[in-house]
Structure formats: C-alpha cells, structure tokens
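Chemist: One-letter residues, chain by chain:
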Amino acid sequence: MHVNKHLFQSVALLALGLLFSLQALAAVKIEQWQTSSGAEVYFVENRDLPIIDISVSFAAGSARDEAAKAGLAEITNHMMTAGATGMSEEEISRRMADIGAILGNDLDLDRAAFKLRTLSSAAEREQALDIYGKIMQQPDFPEAVLQREKTRIIAGLKESATKPETISSKTFMKALYGNHPYALDAEPETVAAIARADLLRFYQTYYGANNAVIALIGDMSREEASAIAERLTAGLPKSARASALPAVSLPLAANEQRIEHPASQSHIVLGYPGVSRGDADYFPLYVGNYILGGGGFVSRLTEEVREKRGLVYSVYSYFMPMSVPGPFQIGLQTKKEQGEEALKLVRETLAKFIEGGVSEAELKAAKQNIIGGFPLRLDSNSKILDYLAVIGFYKLPLTYIDDFNKEVDKVTAAQIKDAFNRRIKQDNMVTVIVGTAQ
Amino acid sequence: MIFRSLIALMAMLPALALANTHEFKLDNGMRIIVQEDHRSPVVVSQVWYRAGSIDEVNGKTGVAHVLEHMMFKGTKDIKPGQFSRIIAAAGGRENAFTGRDYTAYFQQLEKSQLPLSIRLEADRMNNLVLTEEEFAKEIRVVMEERRWRTDDKAHSQVYEQFNAAVYQAHPYGRPIVGWMNDLENMTAQDARDWYKQWYAPNNATLVVVGDVDPQEVYKLAKKHFGPLKARALPDRKPQNEPEQKGERRIVVKAQAELPYVLMGFRAPALNDPENDWEPYALEILAGVLDGNASARLNQQLVRDSQIAVSVGAGYGMTQRGRQSLFLLEGTPSQGKTVAELEAALMSQVEKIQQSGVTAEELQRVKAQVIAADVYKRDSMFYQAMQIGQLETTGFSWKILKDYPARLSAVTPEQVQAVAVKYLVRDGLTVATLDPQPIDPNNTNKSQVNPHAR
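First to last, the sequence lines map onto chains B and G. Note that our numbering has the first sequence beginning at 1, numbered continuously upward. Note that our numbering has the second sequence beginning at 1, numbered continuously upward.
Bear in mind the hints are in silico, worked out from the structure with no lab data behind them. Glycine included, each C-beta is placed from N, C-alpha and C at the ideal position. There may be inaccurate statements among the hints.
As the list claims (entries may be wrong) - Straight-line alpha carbon distances no greater than 27 Å define the calculated DSS-like cross-link-like pairs of lysine-lysine that follow: (1) G:Lys196 to B:Lys29; (2) G:Lys79 to B:Lys336; (3) B:Lys410 to G:Lys111; (4) G:Lys79 to B:Lys170; (5) B:Lys308 to B:Lys364; (6) B:Lys406 to G:Lys76; (7) G:Lys376 to B:Lys308; (8) G:Lys153 to B:Lys170; (9) G:Lys111 to B:Lys29; (10) G:Lys253 to B:Lys174; (11) B:Lys336 to G:Lys153; (12) G:Lys253 to B:Lys158; (13) G:Lys421 to B:Lys308; (14) G:Lys336 to B:Lys158; (15) G:Lys79 to B:Lys308; (16) G:Lys137 to B:Lys344; (17) B:Lys336 to G:Lys336; (18) B:Lys364 to G:Lys111; (19) B:Lys352 to G:Lys79; (20) B:Lys150 to G:Lys336; (21) G:Lys153 to B:Lys158; (22) G:Lys79 to B:Lys383; (23) B:Lys115 to G:Lys79; (24) B:Lys367 to G:Lys336; (25) G:Lys336 to B:Lys352.
Said to hold, decoys possible - Residues on chain B that point at chain G, a partial pick, calculated with CB under 8 Å: (26) Asp48; (27) Ala155; (28) Lys158; (29) Ala183; (30) Gln333; (31) Asp379.
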C-alpha cells in the first residue's frame, strides 16, 4: 500500500471540500418570529422523520440565585415538572410515558430550559404538548414533593462533595468568580433554606414570556409551529425582562489552591475568565483553543502531556462562552506522584502557546477540521435544536450557522496570538489541585 | 387509541430502514453492512473486531483495550499519532472503544471523505507497527485511565468486584480495562500477540451509515480490505459458568458519603432470536421496573416510600458470552440502610412474581420501545452502533427489524413467568458499598499565592 501517496491526494481534495462547504451551508433554513406574548421563536421545518423536538429556554439559570439560597434556580426548574394544574408528578410522567414522549429539563449558569421530544402523530403530539405547556405555565410546586426532593438533593450534594472532580470544579469556580453569581453553587445548607414561596417568587420573576426563547424543529408546518409557540407561552407569568448579569472582574493575582484528598489521582484545574457570546475575540480564541487543547488527540496539550510522556488519560482546554465571560479552563487528572510534573508541563505549554502563538501549519489543520467537519454539527435534529436555542438566547445573528465557516476561515495566526495575550493573563490564573502528594 | 396509532407507525418504519440496509461479504470473510441515510451529507464508518475482554486470558487482562490504544501509534506508512491528524484534517471526528465482546474504531466525516477512513482502517488492520517506545508511554496512559475510571470511583469499584464475584469461570468476571497488576506487567509483545491473533478481515465487520451509495462503499471496501488475507482464528472456548449454588455477597469499602447496593440475578441471554421469548420478557420486566419516569421502582421506592434517593434496573440480552444478569441497584435515603433498600427491592420483585404486571404498564413500556425505534433514526452513530453490536455478538442486524414487534408480543404472563423463574435467591449476587469517610485531617486546604509559571 502506498498510503503516503494517497494522503497527498487527500490533502488536495480537502482544499476542494473546504470551498464546497463554505458555500453549501444555507442548508438549515431558520424562520424567526415573536409570539403575541413576546417570546422569541426559532423554527426549522424538517419532514424526514415523524418527530417533533422543542426547547423553551428562560433567563433563569443559576446566575439568578442569591448566595443564601443557592440552588433555587435549579430546584425551581426541576420542580416545575413535579406537578401542574393539579396533575401529580406521577400523572405527568405516566402520561408522557404512555405516548413515548421524552420530557427533559436542563440548567446552566445562564439558562433554564425544558425540552420535549415526541412523535408527530396527532394524538401523541397533542398529549405531549398539553403536559409540556402546563408544566411551564401552571406549575404547582407541591410542598410534599419539594421536601422530598430537597432531601434527595442534599444527599446528592454530600455525596458529590467527596468526589475530587466536584471539589476541584466548585473550588475553581469560586476562586475564578469570587462574588460574581457564576460562583454560586448549591450547598446542603443553602438548599435547606429554600421554601416553596421562594420557588413561586423565582418562577414569577424569571419565567415570563419576554424572557423565553422557543426553538422548534421537525415534522410540522410554520403555521403549526406558530400555534404551538402561542400555546406554550400565552399563560406564562407577566414578568419584567431579566436584568443583565453583573460584569466579571478579572483576577488581579495568581490564586493557587491545594486540597488534600485520598484519591490516587490529582485533579488539576486551571483557568481564567474567558469570553461571552458574541465577543469579537470569540473566533480567534475558539480556533486557537482547538490548537491548544480543544482538538482532541491532535492538540498541543494532548501531544505534550499524554502522547509524549504518558502522564494523563485526558487533558483538555475549552472556552465556555456565556452571557458574560464564562471560564477558560484547562483540566487533567494524573497520579499524585506526578501531579507537579504534569502541572509544570501544562503551564509551560500554555506559556509557549500564548507567547509564541501558532504556526501556519497548525492554523491550517485547525481550519480544515473545524470547517471540514461543519456538516457533523448539523447532522441531527437534536443538534440543530441546540443551535437554535443558543442563537435565540444569546441574540446571535440568524446567519450565525451560515457565517460560522467564514468567520473561522478569516482567523489569522496574529489574531490568535493577540487575542490570547490580551485575554488570558498567565500570571493571574486560578489553579486548583485536589489530591496532592504527601 | 394512542397505542394503535403507534403500532401502525411501527409497522411502517422498519420496512423503510430494512430497504435501506445492504449487506456484503468479501472473499476474505470480512463483512460489510451499509445503511443509507440521506438526511445529512455525512457518514459514520465503524470497524468492529470480534475481540474483546471476553477473549483475554489471566495475566493479560486489559490487553484488548491496550491494543485499541496502540492502534493509533502508527503503521509502516503512517507515523505514530498521524492517523488522528489525517482524520482531523479531513474534518473528521474519530475514536475507538473496547467492550467485553468487541473492539471498535470509528470516524465521522463529511461524506466525500469516506475513502480516507476506509483506506486508513485497512492499513492498520494489517500493518500496525508496535514499538517498545510507544508501548512504554501508552501503557502509562492506560493505567491513568484505570485510576480515573475505576480506582477513584466507588461505584466502579463495586461493579468491578461484583463481576468478579458473579463470574468465577467465565471471562465476564474480568474488568475490560484490566487488573492494575496485569497492566503493570504487560509487554509490547503481549499487544503484538493480540493483534496477530485477532486483527484479521475474517474477524471484522465494517459498518457504514450515512449519505452514501452502498455499491460504492462495497467497491471501496473491496479495494482496500479485499487484498488482506484471512487468518485462522484461535478456538473460542465457551467457558460456561458453573451453576451457582446459593446467594453470594460481597462488601466493598471505598471513599464515599452514601452506601449503595448492586444486585444481579443470573438470567439467560438471547441465543435463538427466532424462537427465544424469555430475553424479550426480561427486557420488558426491566422496563416495567425502570423503563420510564413513572416505572415501579422510582414511583414506589423514591417517591412513595422514600426509602431510596435513586434506584435502577437493567438487563442486556445481546451478549457474545451468551449469559446475562438482571440487575437491580440503589442508593438508600439518609437514615435507611442498604439492607432495608435491598429488602424493598426484593419486595418489588416478589410483587411481580405474585401478582404480575398490569396491561397498562406493559403498554406503557411498549410505547417507549416503539417511540425509541423512531427516535434513534435521528442519530446515525447510534444506528451504526446497534448494527455493529449485533454483528459482533453473533447475531444479524436483521433482528432489529423484528425487535419492536417481539417486545410488543410479550404478555403479562410471560413477564411474571421470567420473574418467577430467574429472580431467585440462589442465582443472586449482592455487592454493597461500605462508604469510607474522607479523613477530616486529610482535607486541609492550603492557599498560596505563588508567582504562577
């Protein structure tokens, strides 16, 4: 076999493929409008499968918590599925199960969301939408269920407080965000302090239609989608628009925390506040991070720490773009005895990356992967649904998907170096090491 | 009413999928299954080897998985690490996974890049170069993986010990990742031997799902895999587990806050997909207990009696080793013991043994099955996984066609019958986690402000 020769051919083909995919992207036709209640709707019609996928996102993530009752956002979101219009949680789950529908709820720093997947046949769709609409518009927050769930959540928090990965990520977020609400995290005592009245208040404040973004994809017409969107939002509480989150203040000095733990591996997390959605530096940082630690087996961090030295199973870096700058984070686990060696290596790799920038060859390889792999980001309804929700929630342009490859293609090595130098201050990073060698 | 429309839907869809699935065989014995899916201009390509931890021997546990890692370390023509770089430059995503019954390698690509994936897989099926230097580094990576996956996770430790207690003769008793001591003593030659034994076209299946022309895929596969020679494969001994003569119990101490109990009853695996009914009944039983948010265990033990903070049940019918377990698990609520939770789980089993299940519950589980069969079509990767798993566990992908109908044919009496026959104490193994506190003297925080770097 003459594999090398063939490879040469494939690189030439790739260049063609790249042009092709830059142009052929308007495949996802997004329609956008507002409901009469003020909710933003993003819709893609797709008749390939007899399925409907919907998500409704609210600006009701954990950043809306207050310190003494951290966990309220999550419990409110969770409890909305536990009873509505007198239907018990058992009835809700039974009636969803009867038709094979899947109801999910989700929470992150910014967003609280409910997802529905159902068959599009009339009877199934009707029953699924009925329940889905009720949990968002008329949740009951039954007291007895709340007490039980608080107990379960507290048990879960105590359990996860023994896990090195939980300890490291909580400590990291606290050190990185200080008094900013992104640092808030549920603790047994803050959950214990939450009462039903708090849930009602939180719901009334943050679950208004003008804080809602509805994404729909699948086997329905625009008219049907419009009727569904009206039906899901007409009865939402009348609340004020959620205020902007406070600005993130950048750390002024290095902060390194070492926490002892009996596990065999050290769990190491380091980072710095990263980017917000729509940030002008987003694409240089995104493409640069692919080269640093986002590109799986071909990143510099994996090459240095895993491939060359066998120190870890996993080492990664990522930017989590949020309403205000979410974390830029590097993480790894390695046996305690070599924790210091691995950390030193990660810092050196990062320093070299920030100070030296990336090569043209690395940049080209990164673009080939990101641009060439673009169709994989959109190859299922569930993936497109998530894009719709993000575009809607963060007010990204409707052309975001179409423009993505062009934006990636424009990034230069100089922009990457400049963006990382301006945005990531190595001398002021947060480092957390859980599990240290004796 | 609702169920009838669901069943009508079910009758329509599998025929569609079947018409789009094509099967080929090369002269060297390699099998090729192609499923057309033209929804997106992408393709998933997977090469499945019938070589998993089930084929390992004592002293060399984990070698199937170690070899999986080594498959990225170069061939005569491709330098170590280059495989991943080439796929990445083609816009692809790739990885591999090892199970008890198989090892599989996959790429997801824009459809025009499929030839690259086929060519590279054919190359590493035959031309792997396994150097001492690369092995020495990678075995350390695998040991880190074991620490991360198992050694530092209390529930993983329980599961590993549980399997070792359940299977004394059968190789399912050994961890896929391998015992640490075997990893410490593994050599590059062990990995080479494994590669020579099992990596042959007659022990492999190529599964391609995506926006492709099946004849074109066949031609590609023939061009690249066709020239490879078939090899005699080692005998596979059944290693049947002797009959269990009574309940087994083990305790695992590990750092955790909450205790945990894992219970497994010996149960048959699927053997004859045409005539077996028990495995389908066991699957429905698992669904009645834990198949949806309203299922019995969650409803009765978490919501009603609140004896548990979490519970689960599970059963897997397609096993190359032709044996399976019916599993129950749970974490007791604060103030409740694992013994109380175990008794509560058993009483749920006894309830079904004595009173059976309702027609309504059964319908609900079947509705899930039918809907899941539609939903899975939104994921090419998942569809390829199903085909590959069936093919490497010794079944045909064609049984997928009848799978929803076979589950739908299960009666309440059959569910009760398998509960009575198999969920018995003499075939039970119970593993409990005895949680060990983290030494309070050992959680000191120290905060320093060094000049980083």
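Chemist: Does Lys336 (chain B) pair with Lys153 (chain G) here, judged by a C-alpha cut-off of 27 Å?
Modeler: 16 Å, holds
Chemist: Given the hinted pair Lys336 (chain G) and Lys158 (chain B), is their alpha-carbon gap at most 27 Å?
Modeler: 16 Å, holds
Chemist: Hey, Lys115 (chain B) versus Lys79 (chain G), does the alpha-carbon distance stay inside 27 Å?
Modeler: Violated - the C-alpha atoms of Lys79 (chain G) and Lys115 (chain B) are around 45 Å apart, more than 27 Å.
Chemist: Taking only the CA atoms, is the gap from Lys421 (chain G) to Lys308 (chain B) under or equal to 27 Å?
Modeler: It is violated: about 54 Å lies between the C-alpha atoms, which goes past 27 Å.
Chemist: Hey, Lys336 (chain B) versus Lys336 (chain G), does the alpha-carbon distance stay inside 27 Å?
Modeler: With a Cα-Cα distance of about 35 Å, the restraint between Lys336 (chain B) and Lys336 (chain G) is violated, given a limit of 27 Å.
Chemist: Going straight from one Cα to the other, do Lys367 (chain B) and Lys336 (chain G) come out at no more than 27 Å?
Modeler: 55 Å, violated
Chemist: Given the hint that Lys137 (chain G) pairs with Lys344 (chain B), does the C-alpha gap stay at or below 27 Å?
Modeler: Since the Cα atoms of Lys137 (chain G) and Lys344 (chain B) sit roughly 19 Å apart, the hinted pair holds (cutoff 27 Å).
Chemist: Are Lys79 (chain G) and Lys170 (chain B) close enough, with their CA atoms no more than 27 Å apart?
Modeler: 40 Å, violated
Chemist: With 8 Å as the cut and Cβ atoms as the points, is Asp379 (chain B) at the interface with chain G?
Modeler: 4 Å, holds
Chemist: For the pair supplied as a hint, Lys410 (chain B) and Lys111 (chain G), is the alpha-carbon distance within the 27 Å limit?
Modeler: With a Cα-Cα distance of about 25 Å, the restraint between Lys410 (chain B) and Lys111 (chain G) holds, given a limit of 27 Å.
Chemist: Is the hinted pair Lys153 (chain G) and Lys170 (chain B) satisfied, with a Cα-Cα distance of at most 27 Å?
Modeler: Given pair Lys153 (chain G), Lys170 (chain B) holds - Cα atoms ~18 Å apart, limit 27 Å.
Chemist: Does the structure keep Lys111 (chain G) and Lys29 (chain B) at a Cα separation of 27 Å or less?
Modeler: 21 Å, holds
In summary, the structure is inconsistent with hints 1, 2, 4, 6, 7, 10, 13, 17, 22, 23, 24, 25 and 29 from the numbered list given earlier, while agreeing with the others.
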